[in-house]
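Asker: The hints should help you fit chain H onto chain E, whose structure is shown.
Protein chains in written order, with our numbering: chain E, 1 to 456; chain H, 1 to 456.
Hints in this document: simulated from the structure, not taken from any laboratory.
A portion of the hints provided could be inaccurate.
No distinction is drawn between identical chains; accordingly, a pair holds when it is met within one copy or between any pair of copies.
[Stated by the list, open to error] Here are the simulated DSS-like cross-link-like pairs (lysine-lysine), alpha carbons at most 30 Å apart as the crow flies:
(1) Lys10 x Lys63
(2) Lys382 x Lys308
(3) Lys382 x Lys266
(4) Lys10 x Lys56
(5) Lys182 x Lys250
(6) Lys211 x Lys250
(7) Lys402 x Lys266
(8) Lys139 x Lys266
There are 2 protein chains.
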Amino acid sequence: MAKQHPSIPKGTRDFSPEIMIRRNYIFDTIRSVFGKYGFLPLETPSMENLSTLMGKYGEEGDKLLFKILNSGDFMGGITDDDIHNSTSGALAARLCEKGLRYDLTVPFARYVVQHQSEITFPFKRYQIQPVWRADRPQKGRYREFYQCDVDVIGSTSMINELELIQIVETVFDHLGIRTLLKINNRKILYGIAETIGYADKMIDITVAIDKLDKIGLDAVNAELQERGISAEAVEMLQPILSLEGTNREKLERIAQIISGSETGLKGVEEMSRVLDYVESVGVKLPIELDLSLARGLNYYTGAIFEVKALDFQIGSICGGGRYDDLTGIFGLPGMSGVGISFGADRIYDVMSGLDLFPMNAQTSTQLLFVNFGGLEELESLKVIRMMRERGFMCEIYPEAVKMKKQMDYANRRSIPYVAIIGESERVEGKIVVKRMADGEQKSYTVSELVDEFKLY
Amino acid sequence: MAKQHPSIPKGTRDFSPEIMIRRNYIFDTIRSVFGKYGFLPLETPSMENLSTLMGKYGEEGDKLLFKILNSGDFMGGITDDDIHNSTSGALAARLCEKGLRYDLTVPFARYVVQHQSEITFPFKRYQIQPVWRADRPQKGRYREFYQCDVDVIGSTSMINELELIQIVETVFDHLGIRTLLKINNRKILYGIAETIGYADKMIDITVAIDKLDKIGLDAVNAELQERGISAEAVEMLQPILSLEGTNREKLERIAQIISGSETGLKGVEEMSRVLDYVESVGVKLPIELDLSLARGLNYYTGAIFEVKALDFQIGSICGGGRYDDLTGIFGLPGMSGVGISFGADRIYDVMSGLDLFPMNAQTSTQLLFVNFGGLEELESLKVIRMMRERGFMCEIYPEAVKMKKQMDYANRRSIPYVAIIGESERVEGKIVVKRMADGEQKSYTVSELVDEFKLY
Numbered sequence: 001m002a003k004q005h006p007s008i009p010k011g012t013r014d015f016s017p018e019i020m021i022r023r024n025y026i027f028d029t030i031r032s033v034f035g036k037y038g039f040l041p042l043e044t045p046s047m048e049n050l051s052t053l054m055g056k057y058g059e060e061g062d063k064l065l066f067k068i069l070n071s072g073d074f075m076g077g078i079t080d081d082d083i084h085n086s087t088s089g090a091l092a093a094r095l096c097e098k099g100l101r102y103d104l105t106v107p108f109a110r111y112v113v114q115h116q117s118e119i120t121f122p123f124k125r126y127q128i129q130p131v132w133r134a135d136r137p138q139k140g141r142y143r144e145f146y147q148c149d150v151d152v153i154g155s156t157s158m159i160n161e162l163e164l165i166q167i168v169e170t171v172f173d174h175l176g177i178r179t180l181l182k183i184n185n186r187k188i189l190y191g192i193a194e195t196i197g198y199a200d201k202m203i204d205i206t207v208a209i210d211k212l213d214k215i216g217l218d219a220v221n222a223e224l225q226e227r228g229i230s231a232e233a234v235e236m237l238q239p240i241l242s243l244e245g246t247n248r249e250k251l252e253r254i255a256q257i258i259s260g261s262e263t264g265l266k267g268v269e270e271m272s273r274v275l276d277y278v279e280s281v282g283v284k285l286p287i288e289l290d291l292s293l294a295r296g297l298n299y300y301t302g303a304i305f306e307v308k309a310l311d312f313q314i315g316s317i318c319g320g321g322r323y324d325d326l327t328g329i330f331g332l333p334g335m336s337g338v339g340i341s342f343g344a345d346r347i348y349d350v351m352s353g354l355d356l357f358p359m360n361a362q363t364s365t366q367l368l369f370v371n372f373g374g375l376e377e378l379e380s381l382k383v384i385r386m387m388r389e390r391g392f393m394c395e396i397y398p399e400a401v402k403m404k405k406q407m408d409y410a411n412r413r414s415i416p417y418v419a420i421i422g423e424s425e426r427v428e429g430k431i432v433v434k435r436m437a438d439g440e441q442k443s444y445t446v447s448e449l450v451d452e453f454k455l456y
Numbered sequence: 001m002a003k004q005h006p007s008i009p010k011g012t013r014d015f016s017p018e019i020m021i022r023r024n025y026i027f028d029t030i031r032s033v034f035g036k037y038g039f040l041p042l043e044t045p046s047m048e049n050l051s052t053l054m055g056k057y058g059e060e061g062d063k064l065l066f067k068i069l070n071s072g073d074f075m076g077g078i079t080d081d082d083i084h085n086s087t088s089g090a091l092a093a094r095l096c097e098k099g100l101r102y103d104l105t106v107p108f109a110r111y112v113v114q115h116q117s118e119i120t121f122p123f124k125r126y127q128i129q130p131v132w133r134a135d136r137p138q139k140g141r142y143r144e145f146y147q148c149d150v151d152v153i154g155s156t157s158m159i160n161e162l163e164l165i166q167i168v169e170t171v172f173d174h175l176g177i178r179t180l181l182k183i184n185n186r187k188i189l190y191g192i193a194e195t196i197g198y199a200d201k202m203i204d205i206t207v208a209i210d211k212l213d214k215i216g217l218d219a220v221n222a223e224l225q226e227r228g229i230s231a232e233a234v235e236m237l238q239p240i241l242s243l244e245g246t247n248r249e250k251l252e253r254i255a256q257i258i259s260g261s262e263t264g265l266k267g268v269e270e271m272s273r274v275l276d277y278v279e280s281v282g283v284k285l286p287i288e289l290d291l292s293l294a295r296g297l298n299y300y301t302g303a304i305f306e307v308k309a310l311d312f313q314i315g316s317i318c319g320g321g322r323y324d325d326l327t328g329i330f331g332l333p334g335m336s337g338v339g340i341s342f343g344a345d346r347i348y349d350v351m352s353g354l355d356l357f358p359m360n361a362q363t364s365t366q367l368l369f370v371n372f373g374g375l376e377e378l379e380s381l382k383v384i385r386m387m388r389e390r391g392f393m394c395e396i397y398p399e400a401v402k403m404k405k406q407m408d409y410a411n412r413r414s415i416p417y418v419a420i421i422g423e424s425e426r427v428e429g430k431i432v433v434k435r436m437a438d439g440e441q442k443s444y445t446v447s448e449l450v451d452e453f454k455l456y
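Same shape as in the complex, but just chain E:
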């Protein structure tokens, strides 16, 4: 066979060991926090039936689904007429029954409906798996990437919002990333729109508010009118645009302004309850009520969350919200849920950028035993076996090649200690351990090393 120059599909990535060790550090941290809060792991298949996926992500989303060609005679039953008179999308639907999952939310909804009789509600699950999108690849945007979702479904209690906020606090505290949590509530946004007489223009209004920091109050007011909001309504909106003070003060002011909107007041009550909980348990994470936070307005129905890193310029590193009808599309209405998703790639970038990965996320093997062959090799193998039983990560260079080559290997692999059992050490029953960082050497007996060795 001809020699091939191998490559991988654009938008996909190989994760080298160095990167994997750091990614695993992030995922393990997140997973262990999820566990402390009683969330359970779930995995769904990479492939779903296209009927499960299609129509869930809008027209653009349907195009971004990776579709899997049917096995065997995939052209069977497809006529020339079908080929010439079908759109690409319609023809793809004939050629493909399955697609790769686009996110973890729709498979989760599908799972809940399919297994509703076995599930104990409220159902608290997390899911850390890759998703695939046939997007145009660019910096920070990939065709395969991990999502890391945590949701509780089947409970309307604001305790769930509290728990998610505490999860955010704990995860980023463990990772060492200083963050700000922005919080909003779709019902409040609706209440504002309703109050000024434009309930149907809630999204337009929110989008305009979102630009306040960038373009200033006058430009926002102009844009609101361009978007068809009357001058009178824009005038009514002014107190909202100039909200100041603590979250409590803002919320009180909002409650006054939208006091005529039942939905709006429900949103104020939800938000107020969340702030009560947060204060009661002493959450230290900074939280900011931000009415311009407009993520997921098409599906969130209550709280909306977004997390920003304070010391690094990047988009949000975590976000989510409450949705009241996740499973309705699969025939199970009235299931309220709330969830958040951690952005693993961005978290990785923040931690790399701020140099936050701890030493134990930089390396794996702790001790490399130099291989001198013969009896020294056998002695090393025996000591290594004992050290591994004690929990140390050890290896021996597999060949008795020149010392320099073995030391180079230790350096390139960032192995912090090298253990040496040469002939004289073997005869004396000793092991010399060299710390690679500064070359410091210590001598141990076998039992000293096995019983007392510590990374220093």
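Answerer: Showing chain H alone in chain E's frame:
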């Protein structure tokens, strides 16, 4: 939109939390052992270019690849003539550039060649990821399943074989599965075939030997002749078919018989070296030299391994071997490697069948706090926060519903302890903890619970 009855593609699986916790227990155990031996994690993309995958798994394998329909105008440039006069395979190659990986070995080989200048050799990597095969689904055979591979590439030392044997020993020791490791060497099989004058019939001879236990010596001899081996050659084979004794005794006998085959003697030397190492370091795993072990004869070139569970009827639960030219197909010849693969699904079945999962692989949340609402709820939330900081996995029922419903939840979720802060407990600063297994209750102050609580 019409109500849908959701399902998943045949041959795929949802892994419920109960199953995931157990699967993670297996994967975490394996991963931690790999780490102790200095193996590093690697992940490659789910999709590879079809040019990377095609032709690597035989004609049948090519048909079992899941192919991904090109995005956008996938019919562009395909004429009616192409459609009518191409085979399914040829047309699929026009419609699809990418496919889902079929195993982890070919992507590993591709990775090594593509990144050879960055890799420190010998390269010790493990990879735990799903693979996909468009096989007909049946009991124990899935279209998506995890593989769990550990390989070292770039070293011919038999220390690598030793390390893999120790990994097998340690993994199954940690999991509590009693196992037998069968070991063979392709060079010995070749030596036998060469010695009796049928070097070209090595696989036929091995397949026949493999039936010895099932059909008996006479039938095997008859089959050998049917397969074109002369009576004289079959006669020469008799000492091989009646090998008895320890591994050392068998190996000595083999060495005498195939003393005219250079390759065969190289195999004996390799096997002998492995047995030396195994004895020197005191491996306790039972190891059996088994000449009928014939897995992977098309690609293995040295040692062949297979692991059987001793107390449970199932196929091999782990296997592997040495290959001398994994990366040649991608243009990097002369890279010898050796690796094994753990069968996660079968290991799961063995552990379920023998009831080997420990308690901490059965449950997640350790303490459920009953929710009585009001001040009691707030007090619970505060105590939970402290307990989580101490590392306990806790949750509170999110609504203050009837006690019975909350206890049912604890039971259905197999949560072992329920913590109760009712009004009287709150006033007295107490917490009552009930052990669900036997209903035993203990009373704690907050600081007693936080500082002293242990699972009992």
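Asker: Determine for every hint whether it applies to the structure shown.
Answerer: Hints, verified against the model:
1. Taking the shortest alpha-carbon separations for Lys10 and Lys63, both the intra-copy value of 17 Å and the inter-copy value of 24 Å come in at or below 30 Å.
2. In this assembly of identical chains, the alpha carbons of Lys382 and Lys308 lie at most 30 Å apart only when taken from different copies (26 Å versus 51 Å within one copy).
3. Taking CA atoms no more than 30 Å apart as the test, Lys382 paired with Lys266 passes between copies only; the shortest distance there is 26 Å, against 69 Å inside one copy.
4. In this assembly of identical chains, Lys10 and Lys56 lie within 30 Å of each other by CA distance both inside one copy and across copies; the values are 25 Å within and 22 Å between.
5. Taking the shortest Cα distances, Lys182 and Lys250 sit within 30 Å of each other inside one copy (14 Å), while across copies they are farther apart (72 Å).
6. For the homomeric pair Lys211 and Lys250, the shortest alpha-carbon distance inside one copy (19 Å) is at most 30 Å, but the shortest distance between copies (81 Å) is not.
7. Proximity of Lys402 to Lys266 under the C-alpha cut-off of 30 Å is restricted to the inter-copy arrangement: shortest distance 25 Å between copies versus 74 Å within a copy.
8. In this homomeric assembly, Lys139 and Lys266 never come within 30 Å of each other (Cα to Cα): the closest approach is 41 Å inside a single copy and 52 Å across copies.
Consistency with the previously given hints fails for number 8 only.
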